[in-house]
Amino acid sequence: MKAIYAKYKREILVFLATVILGVVFAILNPNFLMWRTMLTIFQQMVLNGLLAVGIMFTILTGGIDLSIGCTFAIVGIAVANCCVRGMNPFLAIVVGLIVGVVLGMFNGFLVTNLKLQPFIATLGTMSLYRGIAYVVTGGAPVTNVPDSFRNIFNGQLPGGIRYYVIVMVLVFIIAHVILSKTRTGDYLYAVGGNEEAAKLSGVNVIKTKYIAYIASGVCTAVAGLVMLASLGSAEATAGIGYETNAIAAAAIGGTSMAGGRGTALGTFFGALLLAVLKVGMVVINVDSFWQYVVTGLIIIVASYFEFMKGDLAAFAARHKKG
20 MKAIYAKYKR EILVFLATVI LGVVFAILNP NFLMWRTMLT IFQQMVLNGL
70 LAVGIMFTIL TGGIDLSIGC TFAIVGIAVA NCCVRGMNPF LAIVVGLIVG
120 VVLGMFNGFL VTNLKLQPFI ATLGTMSLYR GIAYVVTGGA PVTNVPDSFR
170 NIFNGQLPGG IRYYVIVMVL VFIIAHVILS KTRTGDYLYA VGGNEEAAKL
220 SGVNVIKTKY IAYIASGVCT AVAGLVMLAS LGSAEATAGI GYETNAIAAA
270 AIGGTSMAGG RGTALGTFFG ALLLAVLKVG MVVINVDSFW QYVVTGLIII
320 VASYFEFMKG DLAAFAARHK KG
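Okay, so the sequence shown: first residue is 20 according to my numbering, each after it adds one.
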């Protein structure tokens with residue numbers, strides 16, 4: 020039991036914080052405990068959860084992907100155009116995933132081959148991808164996406180659980196397996212923890228970073244597919260500002276912004292906490308604008324404790340040597 024707590028301490032604390040937050044909302048408004056509200060919470064966390072687990076891969080390597088909101092928009096536009104023109108919906112999904120891979124690979128190319136700082140590189144592609152979205156659509160939304168595509172994600176299981184919630188859970192499970200059970204996961208942590216040491220140990224740093232940015236692109240593409248299925252349309256303005264909440268979910272879940280530390284489970288709970296916060300504030304009739312204030316404060320507090328954790332660890336190491 021102690022071993023489990025030691026290994027997943029941050030995840031457990033975030034989960035407990037989410038439960039406490041839920042209890043507070045339930046006390047303020049008992050309707051928060053309704054099954055319909057629970058469904059809304061999970062539906063609300065899907066997009067941010069998918070984006071967060073994707074960006075987590077890049078953060079683990081010491082990088083960042085600020086272009087996820089724009090990749091999100093381009094995937095939606097590409098798949099919407101395919102569907103409207105009569106393409107088989109499953110083939111259209113493949114097209115969307117390929118678009119995510121290509122855009123992720125381009126980010127990886129800029130960061131690894133051209134050796135640009137991840138922040139600068141993805142800040143540039145954020146503008147580039149958004150511009151492409153506007154050029155392709157002319158600023159007009161792509162509408163009338165057929166139900167044959169939408170039903171793939173929008174169908175319901177008994178109890179009203181949408182298929183796209185299951186898709187999100189599967190993505191998190193895959194991410195967890197990659198990070199905890201594969202050599203690729205070890206490499207991602209190694210590169211983020213100490214890139215030079217990883218290189219000396221024989222880790223292919225360039226390949227590992229490519230994998231991180233491709234993973235980000237794929238997860239973002241899945242989010243774009245879910246969005247398209249939910250709305251039935253796509254537009255160039257989709258995803259603006261989404262990177263903020265994605266980074267917040269990862270940071271709250273224990274992903275170190277310096278790289279080398281973080282888990283899929285922690286990111287899941289981070290996204291869940293933000294969803295509980297968002298839905299709970301609506302249930303108790305708090306102005307939605309306050310969500311931004313509270314989210315910002317949570318990011319600051321989470322980052323502070325993460326910094327203190329690293330600072331205390333460094334102090335302990337120096338003291339031990341002394």
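No lab work stands behind these hints: they were computed from the structure.
Computed from a predicted model, the values in this text were never measured in an experiment.
It is possible that some hints are incorrect.
In silico DSSO-like cross-links for lysine-lysine, where the CA-CA straight-line distance does not exceed 30 Å [said to hold, decoys possible]: (1) LYS200 / LYS21; (2) LYS21 / LYS226; (3) LYS134 / LYS218; (4) LYS134 / LYS21; (5) LYS226 / LYS200; (6) LYS218 / LYS21; (7) LYS26 / LYS134.
For the pair supplied as a hint, LYS218 and LYS21, confirm whether the alpha-carbon distance does not exceed 30 Å.
violated, 34 Å
Between the alpha carbons of LYS26 and LYS134, is the straight-line distance 30 Å or under?
Roughly 34 Å separates the two Cα atoms, so the pair is violated.
Can you confirm whether the C-alpha distance between LYS134 and LYS218 stays at or below 30 Å?
Distance of about 15 Å is within 30 Å: holds.
Does LYS21 lie within 30 Å of LYS200 when you go C-alpha to C-alpha?
OK: LYS200 and LYS21 at ~21 Å, within 30 Å.
Going straight from one Cα to the other, do LYS21 and LYS226 come out at no more than 30 Å?
violated, 36 Å
Can the restraint linking LYS134 and LYS21 be considered satisfied, given a maximum Cα separation of 30 Å?
Cα-Cα ~42 Å, so violated.
Hinted pair, alpha-carbon criterion (30 Å max): LYS226, LYS200. Please report holds or violated.
holds, 18 Å
Going down the numbered hints, you'll see the structure goes against 2, 4, 6 and 7, while the others check out.
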